[in-house]
Amino acid sequence: MKPSVAILFFTRTAQQEAKEKHWLGVNQQQKNNKIAAKLIDQTAHFLNQLHLPVFVFNEENQVGNTFGERFSNAYQEIFNKGFDAVISVGNDTPGLPQINWNEAVNQLQNNQCVLGPSFNGGAYFVGITKNAFENNAFKNLPWQQNELFFELLSFCENNSKNSHETLKKLLAFIISGLV
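Be aware that the sequence shown starts at 240, since it is given in the working numbering, and climbs by one per residue.
These aren't lab readings, by the way, just hints derived from the structure by calculation.
Here a beta-carbon is modelled for each residue, glycine too, at the ideal position from N, C-alpha and C.
Incorrect hints may appear among the rest.
As the list claims (entries may be wrong) - Estimated spans, in silico, between C-beta atoms of each pair:
id	residue 1	residue 2	range
1	Glu298	Thr332	14 to 20 Å
2	Val265	Gln288	33 to 39 Å
3	Ser393	Gln255	18 to 24 Å
4	Lys260	Glu386	21 to 27 Å
5	Leu289	Glu396	24 to 30 Å
6	Asn341	Val265	41 to 47 Å
7	Ala276	Ala376	32 to 38 Å
8	Thr305	Lys260	27 to 33 Å
9	Lys270	Lys320	20 to 26 Å
10	Gln254	Asn349	24 to 30 Å
11	Ala276	Asn370	34 to 40 Å
12	Glu373	Gln337	41 to 47 Å
Using the sequences and the accompanying hints, generate a full structural model.
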């Protein structure tokens, strides 16, 4: 039996997202809400087409005081449901259809981490296996900082049973997504 993989859609509600991101300016709250709702709906619709279980975590069900705590606790909750790997994405990732989802799931089922780097040094796609997940270390990563991606690489290498092979496959996955 192949290890089970779930998707963590880590987001905000449309109202909260619009408060944080003022696409059309601070005085355009209603229009910003519509943009946020559209982004969230598009992402949810796409994820539901992947035929993987999707768990939505927003500020209404996230647990913790910091981003790292809320994110780590969401992963832990899904692992506690019996899943062997979790892929997280946010609502601000328009390139989701370009990801090779079959390859990402395959690598996770082979106990490999999968990451997608963002242009700001973060990650738009974080696939972690239950075996590699360590809640305390994960929550203390430099979330929302421009050195996050390299810290995630290090986390995956340090927490994977076959770390050198994991890093080689992870870099191959990243490079294949860039071309």
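Cross-check of the supplied hints:
no., hint, verdict
1, Glu298 <-> Thr332: 14 to 20 Å, "18 Å, holds"
2, Val265 <-> Gln288: 33 to 39 Å, "35 Å, holds"
3, Ser393 <-> Gln255: 18 to 24 Å, "31 Å, violated"
4, Lys260 <-> Glu386: 21 to 27 Å, "22 Å, holds"
5, Leu289 <-> Glu396: 24 to 30 Å, "27 Å, holds"
6, Asn341 <-> Val265: 41 to 47 Å, "42 Å, holds"
7, Ala276 <-> Ala376: 32 to 38 Å, "35 Å, holds"
8, Thr305 <-> Lys260: 27 to 33 Å, "20 Å, violated"
9, Lys270 <-> Lys320: 20 to 26 Å, "37 Å, violated"
10, Gln254 <-> Asn349: 24 to 30 Å, "40 Å, violated"
11, Ala276 <-> Asn370: 34 to 40 Å, "37 Å, holds"
12, Glu373 <-> Gln337: 41 to 47 Å, "30 Å, violated"
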